Amino acid sequence: MSLLDSSLWEVIKASFSPEIWKDLVAPVGETLYMTVISSIIVLIFGIILGIFLTLTCPDGLLPLKAPYITAGWIINILRSLPQMVMIILMIPVARLIFGKSYGTNACIIAIAASCIPMYARIVESSLLEIGKGKIEAAKSIGSTNFQIITKVILPETLPGLIRGFTVAVITVISMTALAGMFGAGGIGDIAVRFGYQRFQHDRLFACVYILIILVQITQGIGNLISNKILRTRNLV
Amino acid sequence: MSYLEIKNLQKKFIVHGEPLEVLKGIDLDVNQGEIYGIIGFSGAGKSTLARCINRLESSDAGSIMVGGVDILSLDKKALLQERRKIGMVFQNFNLFDSRTVYRNIAYPLEISDFPKDQIKERVLETAKLVGLSDKLDAYPGGLSGGQKQRVGIARALVNKPELLISDEATSALDPQTTIQILDLLKEINRKSGITILMITHELDAIRYSCNRMAVLEEGTIIEQGSVAGIFNNPKSRTGALFARVFEEFQNISLTEGAGI
Ligand SMILES: Nc1ncnc2c1ncn2[C@@H]1O[C@H](COP(=O)(O)OP(=O)(O)OP(=O)(O)O)[C@@H](O)[C@H]1O
Ligand SMILES: [Mg+2]
Numbered sequence: 001m002s003l004l005d006s007s008l009w010e011v012i013k014a015s016f017s018p019e020i021w022k023d024l025v026a027p028v029g030e031t032l033y034m035t036v037i038s039s040i041i042v043l044i045f046g047i048i049l050g051i052f053l054t055l056t057c058p059d060g061l062l063p064l065k066a067p068y069i070t071a072g073w074i075i076n077i078l079r080s081l082p083q084m085v086m087i088i089l090m091i092p093v094a095r096l097i098f099g100k101s102y103g104t105n106a107c108i109i110a111i112a113a114s115c116i117p118m119y120a121r122i123v124e125s126s127l128l129e130i131g132k133g134k135i136e137a138a139k140s141i142g143s144t145n146f147q148i149i150t151k152v153i154l155p156e157t158l159p160g161l162i163r164g165f166t167v168a169v170i171t172v173i174s175m176t177a178l179a180g181m182f183g184a185g186g187i188g189d190i191a192v193r194f195g196y197q198r199f200q201h202d203r204l205f206a207c208v209y210i211l212i213i214l215v216q217i218t219q220g221i222g223n224l225i226s227n228k229i230l231r232t233r234n235l236v
Numbered sequence: 001m002s003y004l005e006i007k008n009l010q011k012k013f014i015v016h017g018e019p020l021e022v023l024k025g026i027d028l029d030v031n032q033g034e035i036y037g038i039i040g041f042s043g044a045g046k047s048t049l050a051r052c053i054n055r056l057e058s059s060d061a062g063s064i065m066v067g068g069v070d071i072l073s074l075d076k077k078a079l080l081q082e083r084r085k086i087g088m089v090f091q092n093f094n095l096f097d098s099r100t101v102y103r104n105i106a107y108p109l110e111i112s113d114f115p116k117d118q119i120k121e122r123v124l125e126t127a128k129l130v131g132l133s134d135k136l137d138a139y140p141g142g143l144s145g146g147q148k149q150r151v152g153i154a155r156a157l158v159n160k161p162e163l164l165i166s167d168e169a170t171s172a173l174d175p176q177t178t179i180q181i182l183d184l185l186k187e188i189n190r191k192s193g194i195t196i197l198m199i200t201h202e203l204d205a206i207r208y209s210c211n212r213m214a215v216l217e218e219g220t221i222i223e224q225g226s227v228a229g230i231f232n233n234p235k236s237r238t239g240a241l242f243a244r245v246f247e248e249f250q251n252i253s254l255t256e257g258a259g260i
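Going line by line, the protein sequences match chains Y and W.
The first sequence finishes on residue 236 if you use full-length UniProt numbering, and the numbering steps up by one all the way, no holes.
The second sequence finishes on residue 260 if you use full-length UniProt numbering, and the numbering steps up by one all the way, no holes.
Watch out, some of these pointers could steer you wrong.
[To be verified] 25 Å max Cα-Cα, derived DSS-like pairs, lysine-lysine:
| id | chain 1 | residue 1 | chain 2 | residue 2 |
| --- | --- | --- | --- | --- |
| 1 | Y | Lys132 | W | Lys76 |
| 2 | Y | Lys132 | W | Lys77 |
| 3 | W | Lys135 | W | Lys116 |
| 4 | Y | Lys151 | W | Lys46 |
| 5 | W | Lys116 | W | Lys128 |
| 6 | Y | Lys151 | W | Lys135 |
| 7 | Y | Lys65 | W | Lys76 |
| 8 | W | Lys77 | Y | Lys151 |
| 9 | Y | Lys132 | W | Lys46 |
| 10 | W | Lys77 | Y | Lys65 |
| 11 | Y | Lys151 | W | Lys85 |
| 12 | W | Lys85 | W | Lys186 |
| 13 | Y | Lys132 | Y | Lys65 |
| 14 | W | Lys135 | Y | Lys228 |
| 15 | Y | Lys132 | W | Lys85 |
| 16 | W | Lys160 | Y | Lys151 |
Hints are computed from structural coordinates only; laboratory data are not their basis.
Bear in mind the structure is a predicted one, so any value in this text is a computation, not a measurement.
Let the hints inform the model, and build the full structure from the sequences given.
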């Protein structure tokens, strides 16, 4: 059903019909798959990169000028690329790794390349929020740098890291929708193929609902966990 | 016998390209088992001195001996070991909010090679010493300032260090709590014979706890000796100022009946 020949109300009504949602089960699965896998990759590499930045920055625990500046440059370059450009750029990379340049896994590479640098910056700013005094105390007790990171900095900044990760996951979700245009499947694929190319706006609407629900759930879970931690620690 | 021996300690920072001399040749001798006071106005270099002793801050010249160990010559690994023998207490407590009181106190044991099966016993013993046995499951976020500093002291003591550096440990506390914390430090000193370097800008704290003290002014120790001597006959401007401020404070306290 299209907005071109039906009223908005009719399209909205049609967007809740069972046959539309039946066709969405598999795409939702694909979107969830892409989101979960990409988010895990973003989480792991974003944290590692963020720790590297905080460690090597001029007043970090292990100042290393050249590596810090190089990492910063690479991150800034990757972050300055629009998501769509990143997807196109990663086509040859995906071909190299998976032997084909389209499909779900190919898009995960693009999503990771785009979101890791973003989450790394969020991690960096979260980690820098820790009071200098706590690090000082940890040092005065005789902690190694590794102990300071794993036993003090990460646990102390956990609520911020979780909130930042929520933002990253939501970006990943929106990017999976975009990646659908490039053969990644999922909700974005449906939205483009039916909603855009065939003017089936009822299907487009259904896709939008799902995206909204996914984002709401993600944000809700993120808030819930970080608030729970803050309450446990008596910090709110 | 002297436990902490500092000779000609110098430290400068580079601020906006200009050298800023913060410690200009400090000589200090602290005896084993005493509570030694260091007083000075804000910016005198007290914290820098404290931080040089366990090498949180590097120094430019001089020597620091702690219990016969030449601190400035230690390599990285030996330094970490040595820091575990020097407890430090801070004005802002610097507790770990992510850890309960129990786990804050246990932290120094966790990161050293202290036998795992003895951690609990040692933590409980230390918590009892500072009077926190009923707060072990609380998080620092839910404690009062005095309780927080007790955790800070317990965390600094749990390794059984031989030297405790207290950098303005009571400066964020109200007078009544200050007295309680000072009493605690005195009691710990008496029980364990730990040497305490008490750095503060509050003369009361020193008068209450120390026999000997030094006055630090703009990176130089301008006066040192017995607390009574410096009080009654201050030779330096800072000493005199502190003595006068203290006396005025005493008078106010007395007239208001709120003796400290
Ligand atoms: N990391 C640093 N870089 C530059 N200057 C510093 C640094 N740390 C301290 N200083 C300067 O050294 C001087 C002494 O500082 P310090 O913190 O030792 O004083 P303090 O006696 O502890 O004062 P307070 O009572 O306010 O704590 C100050 O002028 C301060 O600005
Ligand atoms: Mg200070």
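Do the hints match the structure? See the list:
no. : hint                   : in the structure
1   : Lys132/Y with Lys76/W  : holds (21 Å)
2   : Lys132/Y with Lys77/W  : holds (22 Å)
3   : Lys135/W with Lys116/W : holds (22 Å)
4   : Lys151/Y with Lys46/W  : violated (29 Å)
5   : Lys116/W with Lys128/W : holds (20 Å)
6   : Lys151/Y with Lys135/W : holds (22 Å)
7   : Lys65/Y with Lys76/W   : holds (21 Å)
8   : Lys77/W with Lys151/Y  : holds (19 Å)
9   : Lys132/Y with Lys46/W  : holds (18 Å)
10  : Lys77/W with Lys65/Y   : holds (24 Å)
11  : Lys151/Y with Lys85/W  : holds (20 Å)
12  : Lys85/W with Lys186/W  : holds (19 Å)
13  : Lys132/Y with Lys65/Y  : holds (20 Å)
14  : Lys135/W with Lys228/Y : holds (21 Å)
15  : Lys132/Y with Lys85/W  : holds (22 Å)
16  : Lys160/W with Lys151/Y : holds (21 Å)
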